[in-house]
Each structure stands twice: as C-alpha cells, then as structure tokens.
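Q: What follows is the residue order along each chain.
Number of protein chains: 2
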Amino acid sequence: MTRIVCRQLAPAIADLGANVRMTTDAIRESVAAGAELVVLPELATSGYMFETPEEAQSVAITPGHPVFAGWSAAIRNAGADGRSGVVVGGFTELGDDDLVYNSAAVVDGTGVLAVYRKIHLWDKEKNFFTPGSVVPPVVDTPLGKLGIAICFDLEFPEMPRSLALRGAELIVVPTNWPRGNRPEGERYMEVTAAMAAAYSNHIGIACCDRAGTERGQDWNEASCVINEHGWVVANVDEAGIVSADLDLTLSRDKSLTDLVNMFGDRRPELYGALTDPR
Amino acid sequence: MTRIVCRQLAPAIADLGANVRMTTDAIRESVAAGAELVVLPELATSGYMFETPEEAQSVAITPGHPVFAGWSAAIRNAGADGRSGVVVGGFTELGDDDLVYNSAAVVDGTGVLAVYRKIHLWDKEKNFFTPGSVVPPVVDTPLGKLGIAICFDLEFPEMPRSLALRGAELIVVPTNWPRGNRPEGERYMEVTAAMAAAYSNHIGIACCDRAGTERGQDWNEASCVINEHGWVVANVDEAGIVSADLDLTLSRDKSLTDLVNMFGDRRPELYGALTDPR
Chain A
0 MTRIVCRQLA PAIADLGANV RMTTDAIRES VAAGAELVVL PELATSGYMF
50 ETPEEAQSVA ITPGHPVFAG WSAAIRNAGA DGRSGVVVGG FTELGDDDLV
100 YNSAAVVDGT GVLAVYRKIH LWDKEKNFFT PGSVVPPVVD TPLGKLGIAI
150 CFDLEFPEMP RSLALRGAEL IVVPTNWPRG NRPEGERYME VTAAMAAAYS
200 NHIGIACCDR AGTERGQDWN EASCVINEHG WVVANVDEAG IVSADLDLTL
250 SRDKSLTDLV NMFGDRRPEL YGALTDPR
Chain B
0 MTRIVCRQLA PAIADLGANV RMTTDAIRES VAAGAELVVL PELATSGYMF
50 ETPEEAQSVA ITPGHPVFAG WSAAIRNAGA DGRSGVVVGG FTELGDDDLV
100 YNSAAVVDGT GVLAVYRKIH LWDKEKNFFT PGSVVPPVVD TPLGKLGIAI
150 CFDLEFPEMP RSLALRGAEL IVVPTNWPRG NRPEGERYME VTAAMAAAYS
200 NHIGIACCDR AGTERGQDWN EASCVINEHG WVVANVDEAG IVSADLDLTL
250 SRDKSLTDLV NMFGDRRPEL YGALTDPR
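So the protein lines, in turn, are chains A and B.
Using numbering that gives the first Met the number 0, the first residue of the first sequence is number 0, and each one after it goes up by one.
Using numbering that gives the first Met the number 0, the first residue of the second sequence is number 0, and each one after it goes up by one.
Since the hints were derived computationally from the structure, they do not count as laboratory data.
Be aware that a few hints might be false.
As the list claims (entries may be wrong) - Within a straight-line C-alpha distance of at most 20 angstroms, the following computed DMTMM-like cross-link-like pairs (lysine to aspartate or glutamate) qualify:
| hint | chain 1 | residue 1 | chain 2 | residue 2 |
| --- | --- | --- | --- | --- |
| 1 | A | K123 | B | D257 |
| 2 | A | K253 | B | D122 |
| 3 | B | K253 | A | D122 |
| 4 | B | K125 | A | E268 |
| 5 | A | K144 | A | D246 |
| 6 | B | K125 | A | D257 |
| 7 | A | K125 | B | D257 |
| 8 | B | K144 | B | D246 |
| 9 | B | K125 | B | E50 |
| 10 | B | K123 | A | D122 |
| 11 | B | K123 | B | E53 |
| 12 | A | K125 | B | E268 |
As the list claims (entries may be wrong) - Chain A is faced by these chain B residues, among others (derived, beta-carbon under 10 angstroms):
| hint | residue |
| --- | --- |
| 13 | H119 |
| 14 | D122 |
| 15 | P135 |
| 16 | E157 |
| 17 | R160 |
| 18 | E185 |
| 19 | A192 |
| 20 | W230 |
| 21 | L255 |
| 22 | L258 |
| 23 | L273 |
Yeah, the Cβ is synthetic: ideal placement off N, Cα and C, and Gly gets one too.
Work out the full structure: start from the sequences and follow the hints.
A: So this is what it looks like as structure tokens:
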C-alpha cells in the first residue's frame, strides 16, 4: 500500500517566498503523519489569478530553484522499506526558452525526477502560459510509475488513457478547479470526469485542488483520491487534507472478469477520427 | 427541441413474438405522448441471458424482419414539422454471414436507416455474439445526426469521442446494465461514465436500460437522459419511462468560453499510444 496525502493549500498570489515555505512545511507535516506520496495543487509556488504575463514571469522558476531541493529534503525518508517518498506539485516554470509554462514537478529524495508542462491550458491561462509540446511523461519513481496531468488535462479522456496505456500505475493531478455549478446531490463535473477516467483505465487517481479565495475566485475544494474501480475513497477534510492508502499494483491487471479486460477489449482499429488533425 | 423517450422494458428471454408486440406497443404509446425519438434497450427483441449460442441463434433476425416495419409504422408521424420520428433499439442480429451480432437498428418512417453491431462485447456476450468489425456509424436521421453505442461500448472513452468527432449531435445508447454495486449516494458507474462522456464531448446522451429479473439477473434500471454539460436532466420514472427535451443543435459548438473549445483544445499529436495495436 502507498499512503497518499493531498494538501489542498491556498497559495499567495505572486509571493514565491511565502509559497516555498508553505509547501515545504506541508510536505514535512505530511511525512510526519505517514505520507509517502504528497500531492500539492497546480501552481502551488505562485498562485493562479495572474493579471499580466509580466506578473506570471516575475514568479516563474526553473527546476533548479531551491524550492525543489527543499521538497526533496522533506520527502527523502518518507517511503516504507527505505524507499524515498515522492512529491508532485505545480509551479510556474521559466523555460530555457524564456517562455512561461504551467508545470508540475515530480520530486523524490534525489531531486527533480521529471517536469511536465500542461498541454491543455484552460481559458485565460492561454494569456499567461505557453502550452507544453511533449507527450506527457510516465515517471518511474520509488513508489511506482506515476502519470501526471494538470487540471483541465483530465477532462480530455485521451490524457488518462494515454498515461495508463503507457504503464502509469497512478495518475496524479495537481489542480486549481475554479468553483463550478452543480445540481444538488451531484459531485462537481471535474470529479465525475476523474471517476470515469479511473474506472475506464482501471487506475487510481489522486487530485489535489486548492483552497482560498484569490482575487475574487473561489475553487471547488474537491480534492480526493479515487481507486481503480472509479470510486472516491477519500475526500478532503476540514484541514484541507486528503489521506488514503492505495495499492498501486492493482492497476497493472486490467481484467474485471475472466472475459473482460479494459485494455484488451479496446478496438483501436475502429476508433476513426481520434488522431485526425484538429 | 427534440422530445426523447427511453422505454425501460423487460423483454421476455428468447420470445421474439412477445418482444415484437411489447416494443411496437411501447413506441406507439410514446409517440402518442409526444415522443420524437424513442430509445429501446439493448437486445429488446430477444432478451439477454442466453444459455447457449443455439438459443441466441433461434431468435436472431435480419434487418428485413417485420418487427422493423412495425417500428417504422409506429414512428412515422412522430416528428414535429412533418418530420418522421426515429426509433433506436437493440436486437439479436443474424448476419448474411450466418453469424450472430448484438446490434442496434436506427429506424425512421421510411424503414431501417442503419444497423450498428456492438464492437465491445461484455463478458459472456463473447460466448454468444461476434463483435462488430466496422467503425461505428453516425446516422443522418430526420432528427439530426445520431451516434449509436451499446452498453459496454460507452465505457471506452474512445467510442463517444469518435462519434462526436465525426459529427454526432446526440449519442443514443440501448443498454442492459447488469446490477452493480455502488457506494451510498453515488450514481452507478455506468451513468458516471456517460456523464463524463457527455461533458468531455459537449453532447447529449440518452441511455435506455432494461427492467425485470431475467434468469436471476437484475439490472441497474438507471435509464436517463444527459445534457451536453454532462448533467442528468431526466431519470426513469416508476413506469419505466424517461422523457426529456433536448436541443440537439447545442452539441454543434464545442466552445465553453471564448478561449475554451472541447475539441479545438485537443492535442492529438501528443496522445502517444492511443492507436497502438492491442
């Protein structure tokens, strides 16, 4: 089993120092409480509601920034059996190309294992960020193979499908879900989409939303961990923490019965149009 | 607006005559109540719980069978503005190749417009049916372009995606959902998957489940109509009827905001592995 903890924090907009401290403290606390995988929100180092591209640029950092060394030190001894733990968290990235990306870092005790640049930018993010242009990675970590998606990514079913087909054992989703409407008794649609993705791909999904009101924007505050059957096994508590134990190896066998396999039963030769150009 | 009615019937196993009468009567009643699109369950002419391939074969029919002429006559004058209405219903099909398929017919006042053969067979269906081998059609009907999926098909996100990308304005799903487990307060996972598919593809989905207990098997009895935002707008009533008005043209524009388009924002060049062979 892997102890997954999502920390539904409220980053301070454009205040890198405050967010470095808050995120690092949250990782340390979570590890002390038994976490092996700590998930932070999208753009946890910077906040979300930028007013200008210059403001985003002012808090953009590279994967060499000391915050990631801090995350690495905080998670180093978190894993069971002497393994390192893992942190997945969002940040505003300054690329070698001087462009700004909405990215997530995968960090273990040795440092930054991978950086994923969000490929599906939501709405006004397009004014502040450049979309990623690389096939989203599946990252080999001490806890297993992690597929990373950020927020709106997960609403494109190709995204979790692609990660799962390429061997992900858990999908980890730093997110900032702007507060949406929902009929009484329903989950937010973003959670519904995540549940369906978990079910269809027979894989767990850990979603870490954010909290707080930022420049007038509220959030769903709907962080959750979903198991490989698609059911939410842990919701966020009043402290903004989700904690769940998942056996990530259960995602490896896609069989539901002797005659049903969620991957083997696919008919890719009959899915016309899926890969047509836009 | 299009008035959609799903009839959650209880077919009699292997009793073609009884099912012909029941389905045709249900269409007539629905039309009298204002239906323009009538959706029937999967395998409505035959029932589902076959014990042997021979039993399935014994009630397998071709698209030339008189039942479809009966459905056609019953729906002929159902549409608004002089259009014909449309019936979508499941049947056990005998192919020209003497093989047996789990199929759905799309019928209007002129006769059978199209037959779709299920491409994702669930569990023991593999003992009785041959899977379809043709890209699922989008059918031009007097009510609009209908994409057809049968039951388990919908749990492969490629299926609704492919239908919607190819111009479907509504996805119509004859289904037999074997009774599943669900945590308290949750919808059945099949409905959750349908809601997510409707949202991600910005398209309505009409699901017609079946009722009754057949050879010990119960069903979810979760027929519903879902709008293009992914919300269930009508559940089944105590008479086994779902009735909803949907504007199918709302599915044509995939924009959610000036900067968000559920199709335009796709990144097909970055979805590695989706079309790899099994």
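Q: Holds or violated: K125 (chain A) and E268 (chain B), Cα atoms, limit 20 angstroms.
A: Distance ~19 angstroms between K125 (chain A) and E268 (chain B) Cα, so the pair holds.
Q: Is K123 (chain B) within 20 angstroms of D122 (chain A), Cα to Cα?
A: Since the Cα atoms of K123 (chain B) and D122 (chain A) sit roughly 45 angstroms apart, the hinted pair is violated (cutoff 20 angstroms).
Q: For the pair we were handed, K123 (chain A) and D257 (chain B), check the Cα-Cα distance against 20 angstroms.
A: holds (9 angstroms)
Q: Do the numbers back the hint for A192 (chain B), that is, is its least Cβ distance to chain A under 10 angstroms?
A: holds (4 angstroms)
Q: Hinted pair, alpha-carbon criterion (20 angstroms max): K253 (chain A), D122 (chain B). Please report holds or violated.
A: holds (14 angstroms)
Q: Should the interface hint for L273 (chain B) be scored as holding, given a Cβ-Cβ cut-off of 10 angstroms against chain A?
A: holds (6 angstroms)
Q: Does L255 (chain B) pass the interface check with chain A, least Cβ-Cβ distance below 10 angstroms?
A: holds (8 angstroms)
Q: Quick check on E157 (chain B) please, does its C-beta sit within 10 angstroms of some C-beta on chain A?
A: holds (4 angstroms)
Q: Would the hint on D122 (chain B) be counted as holding, given a Cβ-Cβ threshold of 10 angstroms to chain A?
A: This hint holds: D122 (chain B) lies near chain A, its Cβ roughly 5 angstroms from the closest one there, short of 10 angstroms.
Q: Does L258 (chain B) pass the interface hint, meaning its C-beta sits closer than 10 angstroms to a C-beta of chain A?
A: Holds. Min distance 5 angstroms.
Q: Can you verify the interface hint for P135 (chain B): is its Cβ closer than 10 angstroms to any Cβ in chain A?
A: Nearest chain A Cβ about 7 angstroms off; hint holds.
Q: For the pair we were handed, K125 (chain A) and D257 (chain B), check the Cα-Cα distance against 20 angstroms.
A: holds (11 angstroms)
Taken one by one, the earlier hints fail for this structure only at number 10.
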